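Each chain, letter by letter, is given below.
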Amino acid sequence: MSDTSPTNPNGGTEEFSSARVVRLVGRVFGPLLGAVAIFGQHMMLLGRAFTWLFRRPFRLRLYLEQMEFIGVGSMPIIMLVGFFSGAVTALQAITALAMFDQQRWVGYGVGVSLARELAPVFTALMITARAGSAMATELGSMRITEQIDALSTFAVNPVHYLVTPRLVASILMLPIMTMVFNVVGLLGAYIISILVYQIDFGQVLELFRHWVDPLDYVQGLIKAVIFGVAMALTACYQGFNVRGGAKEVGRATTAAVVSSSVSVLVLDYFLIEIMNVIWPSHGM
Amino acid sequence: MTNGGPTRDDRWQIQVRGLHKSFGSQEVLRGIDLDIERGKTNIVIGGSGQGKSVLMKHLMGLLQPDSGQICVDGEDIVGLDEVAIGKVQRKFGMVFQYAALFDSLNVVENIAFPLIERYHLPKSEILDRVRDLLRRLDLANVPGVEEKFPGELSGGMRKRVGLARALVDRPKILLYDEPTTGLDPIASKNVDEMIRRTADDFGVTSVVISHDMASTFRIADRIAMLYDGTIIACGTPAELLAAPHPRLREFVEPSGAVKFGASS
Numbered sequence: 001m002s003d004t005s006p007t008n009p010n011g012g013t014e015e016f017s018s019a020r021v022v023r024l025v026g027r028v029f030g031p032l033l034g035a036v037a038i039f040g041q042h043m044m045l046l047g048r049a050f051t052w053l054f055r056r057p058f059r060l061r062l063y064l065e066q067m068e069f070i071g072v073g074s075m076p077i078i079m080l081v082g083f084f085s086g087a088v089t090a091l092q093a094i095t096a097l098a099m100f101d102q103q104r105w106v107g108y109g110v111g112v113s114l115a116r117e118l119a120p121v122f123t124a125l126m127i128t129a130r131a132g133s134a135m136a137t138e139l140g141s142m143r144i145t146e147q148i149d150a151l152s153t154f155a156v157n158p159v160h161y162l163v164t165p166r167l168v169a170s171i172l173m174l175p176i177m178t179m180v181f182n183v184v185g186l187l188g189a190y191i192i193s194i195l196v197y198q199i200d201f202g203q204v205l206e207l208f209r210h211w212v213d214p215l216d217y218v219q220g221l222i223k224a225v226i227f228g229v230a231m232a233l234t235a236c237y238q239g240f241n242v243r244g245g246a247k248e249v250g251r252a253t254t255a256a257v258v259s260s261s262v263s264v265l266v267l268d269y270f271l272i273e274i275m276n277v278i279w280p281s282h283g284m
Numbered sequence: 001m002t003n004g005g006p007t008r009d010d011r012w013q014i015q016v017r018g019l020h021k022s023f024g025s026q027e028v029l030r031g032i033d034l035d036i037e038r039g040k041t042n043i044v045i046g047g048s049g050q051g052k053s054v055l056m057k058h059l060m061g062l063l064q065p066d067s068g069q070i071c072v073d074g075e076d077i078v079g080l081d082e083v084a085i086g087k088v089q090r091k092f093g094m095v096f097q098y099a100a101l102f103d104s105l106n107v108v109e110n111i112a113f114p115l116i117e118r119y120h121l122p123k124s125e126i127l128d129r130v131r132d133l134l135r136r137l138d139l140a141n142v143p144g145v146e147e148k149f150p151g152e153l154s155g156g157m158r159k160r161v162g163l164a165r166a167l168v169d170r171p172k173i174l175l176y177d178e179p180t181t182g183l184d185p186i187a188s189k190n191v192d193e194m195i196r197r198t199a200d201d202f203g204v205t206s207v208v209i210s211h212d213m214a215s216t217f218r219i220a221d222r223i224a225m226l227y228d229g230t231i232i233a234c235g236t237p238a239e240l241l242a243a244p245h246p247r248l249r250e251f252v253e254p255s256g257a258v259k260f261g262a263s264s
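Order-wise, the sequence lines are chains L and C.
Position 7, counted from 1, in the first sequence is what the working numbering calls 7; the numbers after and before it change by one each time, with no gaps.
Position 2, counted from 1, in the second sequence is what the working numbering calls 2; the numbers after and before it change by one each time, with no gaps.
Isolated chain L (complex conformation):
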């Protein structure tokens, strides 16, 4: 064997080369195929969750509980982050605009930044950290303690009972929380610009009203809906597919938060590109 073994890595027997090629292809395309498979499983879960949405029984209580948890429960953190985001953006805008003595544009700057980017993205990230992590942990714990299997024994479909309400509640609550973020953010900006920096309110308001378009808010809310789907889907997928023990639940929670956050930011980029195509005159 040693006589026929290739000393040159480029040479060798045909068998040896083909094995190397297979390994190389596996190494290059393996992770890619894995990623495609996981994406496919997410889409299948999404499809099943939506199919069950229209089937009886409707269990309104579960939807309301999730809306309360995702929406009302997240209100304090959204208001806190929203207020400071608006205030900080106003502060930075005023510093930059002061170079041209154009501080009155601060209302427009903050308004449009909040509407299109800050409010939907920060809201999604905050709710991912708070509710997404909790969803993954709860479903993961239910899986390892056989509660999900127990549902099946009562002829209750676990996707219907657990995933659909979380998905629907996220889709409904993320836009609402985004609007809360917008309002509180503008309040923060108002306090910094008008009360602290004494910029003329009439001018700030006039430029805000003239230049910030309702479409800016529509775009932000569309993003919020899509971020809601991504967040709930990722969290439920991770929680639902836990195998093993407590350590795996922790791993699933981390994976849910990391992949939700990354998908929010990646989706944000692609959504901007798509919206710039749909509303070409509106892109700045």
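These are calculated hints, taken from the structure and not from any lab test.
Every clue listed holds true.
Partner residues aside, some chain C positions facing chain L, computed with beta carbon under 8 Å:
{"hint": "1", "residue": "Leu62"}
{"hint": "2", "residue": "Gly86"}
{"hint": "3", "residue": "Ala100"}
{"hint": "4", "residue": "Pro114"}
Given the structure is predicted, the values throughout are model-derived calculations rather than measurements.
From the three backbone atoms N, C-alpha and C, an ideal C-beta is built for every residue, glycine too.
Place chain C on chain L using the hints.
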């Protein structure tokens, strides 16, 4: 064991023939033949990873086999649609290893869960049935038990609440998944008594999956041993002890629970 399809016989509640199941390249069940006797305590023993839980999920229609037949009360449940399987599943109650109570629901809501999900019964009737079970399973005398959440219950109480939830829809067959795992000998004995008493009081057919030999020989009417995806021995405890299969001997002897060669 008979080969081919099962014949209708009132003695047997469940009859399994030639059951095969693989997950990917791993063949878990390789032609299971098993009879579950009506109204008796039937125990399936076997080591870890031998496919006991997979077999149990098949009995209840939670998993579909690759091939084979599972007859419940003479009706083959393989390949039935979702609605028909749902009807078959109502004949079963399952008691999970660690009770699998829903954390977010209190004791009453947990026990009432199957009734709420399956029927539109008045609240008072549901409550009556739940309280009746709490009484019969010695849970009613625990102060404030109805409002307690699973996290506030002891292991033994959780098992009984799990049993109550399995019994509330008046099943004909009760499946127990390793009910004595992780319990001390006294608690284990209590669970054994609970299984026997439930079988007598409620007239159910019990199917217990276990690897606790002492418990098995205490309560079994019939024992089947699962090894390497097939049933290698099946019969009454006396039959198995009189003519033990070598694998069964290997499995049972270390526990010192019973002595072979005896007639009971």
